[in-house]
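Chains as they are written, first to last, in UniProt numbering: chain A, 1 to 185; chain B, 1 to 185; chain C, 1 to 185; chain D, 1 to 185.
Honestly, the hints are just simulated from the structure, not real lab data.
Treat the hints loosely; a few may be bogus.
Pairs count within a copy or across copies, as identical chains cannot be separated in the list.
[Stated by the list, open to error] Derived DSS-like pairs: lysine-lysine, alpha-carbon spacing no greater than 27 Å straight-line:
1. Lys45 x Lys176
2. Lys176 x Lys25
3. Lys45 x Lys21
4. Lys114 x Lys68
Protein chains: 4
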Amino acid sequence: MNITVFFGSSRNNGNSELLAKEVVKGFSYEEIRLQNLNIVPIEDKRHDLNGFSIQDDDYDFIIHQILKSDVLIFSTPIYWYSMSGTMKVMIDRFSQAIRDERFPNFKEHLQHVKVIVLAVGGDEPRIKGLPMIQQFQYIFDFLGMSFDQYLIAEGNRPGDVLLDEKAMNESKLLNKWLHQLETSM
Amino acid sequence: MNITVFFGSSRNNGNSELLAKEVVKGFSYEEIRLQNLNIVPIEDKRHDLNGFSIQDDDYDFIIHQILKSDVLIFSTPIYWYSMSGTMKVMIDRFSQAIRDERFPNFKEHLQHVKVIVLAVGGDEPRIKGLPMIQQFQYIFDFLGMSFDQYLIAEGNRPGDVLLDEKAMNESKLLNKWLHQLETSM
Amino acid sequence: MNITVFFGSSRNNGNSELLAKEVVKGFSYEEIRLQNLNIVPIEDKRHDLNGFSIQDDDYDFIIHQILKSDVLIFSTPIYWYSMSGTMKVMIDRFSQAIRDERFPNFKEHLQHVKVIVLAVGGDEPRIKGLPMIQQFQYIFDFLGMSFDQYLIAEGNRPGDVLLDEKAMNESKLLNKWLHQLETSM
Amino acid sequence: MNITVFFGSSRNNGNSELLAKEVVKGFSYEEIRLQNLNIVPIEDKRHDLNGFSIQDDDYDFIIHQILKSDVLIFSTPIYWYSMSGTMKVMIDRFSQAIRDERFPNFKEHLQHVKVIVLAVGGDEPRIKGLPMIQQFQYIFDFLGMSFDQYLIAEGNRPGDVLLDEKAMNESKLLNKWLHQLETSM
Numbered sequence: 001m002n003i004t005v006f007f008g009s010s011r012n013n014g015n016s017e018l019l020a021k022e023v024v025k026g027f028s029y030e031e032i033r034l035q036n037l038n039i040v041p042i043e044d045k046r047h048d049l050n051g052f053s054i055q056d057d058d059y060d061f062i063i064h065q066i067l068k069s070d071v072l073i074f075s076t077p078i079y080w081y082s083m084s085g086t087m088k089v090m091i092d093r094f095s096q097a098i099r100d101e102r103f104p105n106f107k108e109h110l111q112h113v114k115v116i117v118l119a120v121g122g123d124e125p126r127i128k129g130l131p132m133i134q135q136f137q138y139i140f141d142f143l144g145m146s147f148d149q150y151l152i153a154e155g156n157r158p159g160d161v162l163l164d165e166k167a168m169n170e171s172k173l174l175n176k177w178l179h180q181l182e183t184s185m
Numbered sequence: 001m002n003i004t005v006f007f008g009s010s011r012n013n014g015n016s017e018l019l020a021k022e023v024v025k026g027f028s029y030e031e032i033r034l035q036n037l038n039i040v041p042i043e044d045k046r047h048d049l050n051g052f053s054i055q056d057d058d059y060d061f062i063i064h065q066i067l068k069s070d071v072l073i074f075s076t077p078i079y080w081y082s083m084s085g086t087m088k089v090m091i092d093r094f095s096q097a098i099r100d101e102r103f104p105n106f107k108e109h110l111q112h113v114k115v116i117v118l119a120v121g122g123d124e125p126r127i128k129g130l131p132m133i134q135q136f137q138y139i140f141d142f143l144g145m146s147f148d149q150y151l152i153a154e155g156n157r158p159g160d161v162l163l164d165e166k167a168m169n170e171s172k173l174l175n176k177w178l179h180q181l182e183t184s185m
Numbered sequence: 001m002n003i004t005v006f007f008g009s010s011r012n013n014g015n016s017e018l019l020a021k022e023v024v025k026g027f028s029y030e031e032i033r034l035q036n037l038n039i040v041p042i043e044d045k046r047h048d049l050n051g052f053s054i055q056d057d058d059y060d061f062i063i064h065q066i067l068k069s070d071v072l073i074f075s076t077p078i079y080w081y082s083m084s085g086t087m088k089v090m091i092d093r094f095s096q097a098i099r100d101e102r103f104p105n106f107k108e109h110l111q112h113v114k115v116i117v118l119a120v121g122g123d124e125p126r127i128k129g130l131p132m133i134q135q136f137q138y139i140f141d142f143l144g145m146s147f148d149q150y151l152i153a154e155g156n157r158p159g160d161v162l163l164d165e166k167a168m169n170e171s172k173l174l175n176k177w178l179h180q181l182e183t184s185m
Numbered sequence: 001m002n003i004t005v006f007f008g009s010s011r012n013n014g015n016s017e018l019l020a021k022e023v024v025k026g027f028s029y030e031e032i033r034l035q036n037l038n039i040v041p042i043e044d045k046r047h048d049l050n051g052f053s054i055q056d057d058d059y060d061f062i063i064h065q066i067l068k069s070d071v072l073i074f075s076t077p078i079y080w081y082s083m084s085g086t087m088k089v090m091i092d093r094f095s096q097a098i099r100d101e102r103f104p105n106f107k108e109h110l111q112h113v114k115v116i117v118l119a120v121g122g123d124e125p126r127i128k129g130l131p132m133i134q135q136f137q138y139i140f141d142f143l144g145m146s147f148d149q150y151l152i153a154e155g156n157r158p159g160d161v162l163l164d165e166k167a168m169n170e171s172k173l174l175n176k177w178l179h180q181l182e183t184s185m
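All chains should be built: construct the whole structure from the sequences, respecting the hints.
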């Protein structure tokens, strides 16, 4: 079972990363640190005669990685009540990726992938993070993907999330869920 | 009355821009096309001993522009049910800006600014754009700003928004609201 | 074109009623004042062997009225950030109505009906009323209905809504929309 | 520590009741089965010269019970993506209760009470129940109450919730939280 974790944080070892590592403990996985990649913001050419231009950046790598994955984990700090800008820039490019003729199976593949969203915020995240969860739902719905699991945790200072007992508990359940998923494959 | 419009689109003359131009018709205003600026994603150093590093990009220009403004208009296409990644990257940097000692009045200034959010989307935006509006509310609340007006319009193909009669109507009301605001200043 | 307006308010001539009357100006319509009807809260018997018991209250009247209608208008004050309890009690009974063998065409009929939601609140309704709009969307989605129009207005003291220029404007547009609908039938 | 549980369900031993009993296991508590009480829908007289009329129903009992409580648990099935109509009718009457001169300490008391919301639904409750959570947040904010904990569980057929491993796990955490709360009092 191939797991890919997208880290949306600007920091290494940030709370959302620590949380993700609890969730995937014992599994091998690929990590994609979005902050280290060069991803150009989408240029909306859905309505151009010639369609989108191929971008010379790291997005193809992301597409290839998704195509190899059975499970995608989106792990983001909650910046201003939503996913990080870095992750949003990556999401926006889906509009291009699903129309990219070099990857004809991309959209179809997404529909068989399992998805987890992990988010850590400092300002009442379990309430004020809910609109973000609704947006992820709309995103996955549009793409025909299932939205299997999400976990919102609280953390402000580095390492805080490990003290969020509820989140630690839920991360164990998610870990168990991954094990069950693996068995069923 | 100084008005600044932030354009979050990746295109010139996109629907969200057309909508904004209806709203500010007859007013002079500054426009900031985020797609043309170099804005580095936030590096979260709130908990670093030395705090944030000054970035050598175009963000100072944005801060200066905000400091001169009485009205801020955030005009964004709805990409994947939220503001564009480009605009989100800009918003994320507020975390740094409000802590930037070179701009001690920035946060105070924000609290006297009037705010309009304009958004145009293609997939049931008046429903599926609502989580984004809630997020803007949380953002402005956090910053002590008022959230005066928002307008969600529908548009998919270029120019569509001009056919959204309801939006055109609301844009006239917003234009009138700006006139009343000017009178009261 | 048969229009039915459900009034969820506890008062006659409340703001949500005034708003509805602006919207249907010039049309004949049936009004259902929920406060005057006897509607028993749902008793959830979806999983009972014998199913739901027929209730001896005014709900059949509501079903008959819906079956005659081309347009349904739900007009409610925003009480505690949602529709009034009286209206919610009525909505809850849909679970029974769609399973009621005496009305085999009820669910099918709903799917051809046009729907408007009107809501008036006093505490930032255009923001804090949004979760209610999302709930209506889920309700109509579940029932296979389209959610054609909604209008949120501000009003606290009796008559206030008539001073909400934006709402008055939108109500004119809704009125026009009803005229177009009538023409197309 | 006095705990009061409001049951919003129309059934005894429904899923939301089973969930609540897991949460309060080992504690003594008062239960209020709203379906068994006579609660008249609010008649909005905030703007009447004479104010609200005292209602001859069971609401005073609810107020007295709240005044004795340290912890309030609102346990509701998710009917049509929100709390049950029966519970909403009860909530609506808060508008009257906080103005009732016979209970001058009511609003003040609420601000010292701990609150848990428990909800069980059958149609993607962890996503589609989120607007309801946002509404509870607005309600508690308005009243100056803290919104301490919520738990959304999945269940459709009677007893289902006990099979929702995630919810059972969270209910144990809530139980533990109640124990800690008791110790701190």
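Against the structure, the hints:
1. Within a single copy, lysine 45 and lysine 176 get their C-alpha atoms no closer than 42 Å, and across copies no closer than 34 Å, so neither meets the 27 Å cut-off.
2. In the homo-oligomer, the alpha carbons of lysine 176 and lysine 25 lie at most 27 Å apart both inside one protomer (10 Å) and across protomers (25 Å), since each shortest distance falls under that limit.
3. Only between protomers do lysine 45 and lysine 21 lie at most 27 Å apart by alpha-carbon distance; the minimum there is 22 Å, versus 37 Å within a single protomer.
4. In this assembly of identical chains, lysine 114 and lysine 68 lie within 27 Å of each other by CA distance solely inside one copy; the values are 12 Å within and 45 Å between copies.
Hint 1 from the earlier list is the only one contradicted by this structure; the remaining hints agree with it.
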